[in-house]
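Now for the letters of each chain:
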Amino acid sequence: MKFLTLATAVMTASLSFAAAAQNSDLGEPVAEGGEVETTTVDGSGDEDGGLVFTVTDDTDYSDVGIAIPAFATDADRSTPANSGGTGALGQEIARVITGNLRNNGLFKPTGPDSLPSPRFQQITAPSWSTWNSRGAEMLVHGYVRARDDEKLVVGCYLYDVALQDELIREGWVVRPADWRRAAHKCSDLIYARLTGESPFFDSRIAYIAETGPKDNRVKRLAVMDSDGANHRFLTLGSATALTPRYSPDYSKILYLSYVDGNPRIYVYDIGRGSQTLVTENKSPTLAPRWAPDGQHILFSMAVNGNTDIYRVPVTGGRITRLTDTPGIDIGGSYSPDGSRIVFESDRSGSQQCYIMNADGTNQRRITFFGGRCATPEWSPRGDQIAFTRIAGDFNVAVMSPNGRNLRVLTNGWQDEAPTWAPNGRIIQFFRTARNSGKSNLWQVDLTGQNERRLPTPVDASDPAWGPIRP
Amino acid sequence: MNKTLATAILLVSVSATAACTKKAPEELPAAPTEAAPAQTPAPTPTTSVAGPGTQEHFRNAVGQSTVVYFDTDRFNIDSADAAALQAQAQYFAQYPSLTFTVEGHCDERGTREYNLALGERRANAAKNYLVSLGVSADRITTVSYGKERPVALASTAEAWAQNRRAASVLIN
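Heads up: the sequence lines are chains G and U, in that order. Heads up, the first sequence is in the numbering used here, so the first residue is -3 and it goes up one at a time. Heads up, the second sequence is in the numbering used here, so the first residue is 74 and it goes up one at a time.
Simulated from the structure, these hints should not be mistaken for lab results. Even for Gly, the Cβ is constructed at its ideal location relative to N, Cα and C. Treat the hints with care, since some could be wrong.
Stated by the list, open to error - Chain G regions said to be covered by chain U (calculated; three or more residues, Cβ under 8 Å): (1) 231 to 244; (2) 427 to 434; (3) 442 to 453.
Unchecked claim - If the Cβ cut is set under 7 Å, some of the chain G residues that face chain U in the computed set are: (4) Ser74; (5) Asn78; (6) Lys210; (7) Glu412.
What the hints assert, rightly or not - Some residues of chain U that are not near chain G, with every Cβ distance over 12 Å (derived): (8) Gln159; (9) Gly183; (10) Lys220.
All chains should be modelled from the sequences, with the hints used to inform the complete structure.
Right under this line is the structure:
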């Protein structure tokens, strides 16, 4: 009776109470990062003409030696970005770039701690003899300048030491708090120029941070930069959080939370630090995904135990059912042009991958390799689909969108849930250890040869790599 | 095996009550407002007589039949499950005011999202069978935990068999 009274009181409480309950597991809102403005920087004279740098295989450019000495500063000024001033910040920026290039197995970078530091005037006029004698093929120079409004101007230059020529240069104006983004932009500039691929360093990753014993794991929503920096927990851990997905503009995260006791998808607004249900419905909602336009959400919903895939505008409103079979239809990943969706279904008796048009028509199975296909994710380049291949162990594999050309990239006991780097060249996933149940984030390139663990403060799962930042 | 043991301990010792009830509902970040009233039947300190509406009373009445188990990737009710659910249905027929939750669970050897959907299927399969035995559908809530809440922690076939389950829990 007592309980009934209380329940009634809760029911009759205002809507704001419901909103508060819904947000009860959320941490403080995260301050939004500032804009990164591209600026012109002084050149060394000759513009790069017809120099073409052709790379046919990832292993080729992994042998290219790159010297990355400290970025110079015109005048050592104090900056909120570094207690040691702009001089120390220049050293730190070069370290971040070195770490980016080294950790991803691209090139052979040498960082500022074992190199002489160029003077500010040398940034546009390198001391070629110095770098020639060190055997570096490529040379990165850069500078940091603190403006009177505290904003930082960071210039980035890439030189070919043998040719004694500038390959590319670019500059950015960032808030002091965003200094790492300038380092990532410079890394991207170097990477894109030397490989011909699209950039990926200036991007963020949402994932699930895990702590506690296997039978009582605490699972929190967390975010970090592509190199693990600027790490933040977004939920407190009182409710299990799973399967996040960054919106294309990084303003929101879709994820599943048990905050009301049931698995439901929420749209978490990062700047405001509040969240809303993806759809007001009593049925559990699972497996959230963004459409490439950021205006629609794909989700799965279990009605009386039967899970199907639905679409809803991000602003709410009418939901459209895309699948209609007695089997479990779940997940889904749009082709980059938004015209098709690859998804997972066990309508044939086991988990397999299927493709349909974005309106749900023309559903057809694409995997017939003998094992099972789960969690398919369309590459941002459109040319491949990554998925969890279940054939005894769980591994990350890729295939063409027609299901052919299957290649297995990992060999852990349980590797699942691939997510693509913004340029479609690297895949992250999570690897769970047998017995302990501990999981960590890993990444592998498309050759399958460069595999590494991503450092996270605690155990981690469900990585979701966001797009390149503007 | 250890379920028999757990039941035996439960009959002997009151302190075991805490350990058992902790198993499912309290790991759950459910609405905090409802946690307190659920404990209203205040137990006497030494010889507790758990009343109807508590998980302990339910477990004392039906024994191991609070949980049914499934084969890998399956959600059909086999004869052992049917017997267990019949025991549950009898209990809930005896206490018609009780409402309860069926939790669907999976083993760790599945992908996370698929397991959430599979747990839904298992919970609903158990619920539908109970409804077919006369338990009113509006007394039964279902929730899937996928592979997120294992009871057996090893990575062995035996542990996975224990984790592929639908557990009826009195937490309402």
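Structure-based check of each hint:
1. 231 to 244: holds (count 5)
2. 427 to 434: holds (count 4)
3. 442 to 453: Three-residue rule not met by the stretch 442 to 453 of chain G, so violated; n is 0.
4. Ser74: violated (45 Å)
5. Asn78: violated (40 Å)
6. Lys210: holds (5 Å)
7. Glu412: Because about 5 Å separates Glu412(G) from the closest Cβ in chain U, which is inside the 7 Å limit, the hint holds.
8. Gln159: holds (20 Å)
9. Gly183: Label violated. Min Cβ-Cβ 8 Å, cutoff 12 Å.
10. Lys220: Lys220(U) not clear of chain G: closest Cβ-Cβ about 9 Å, inside 12 Å.
When the structure is compared with the earlier hints, violations turn up for hints 3, 4, 5, 9, 10 and for no others.
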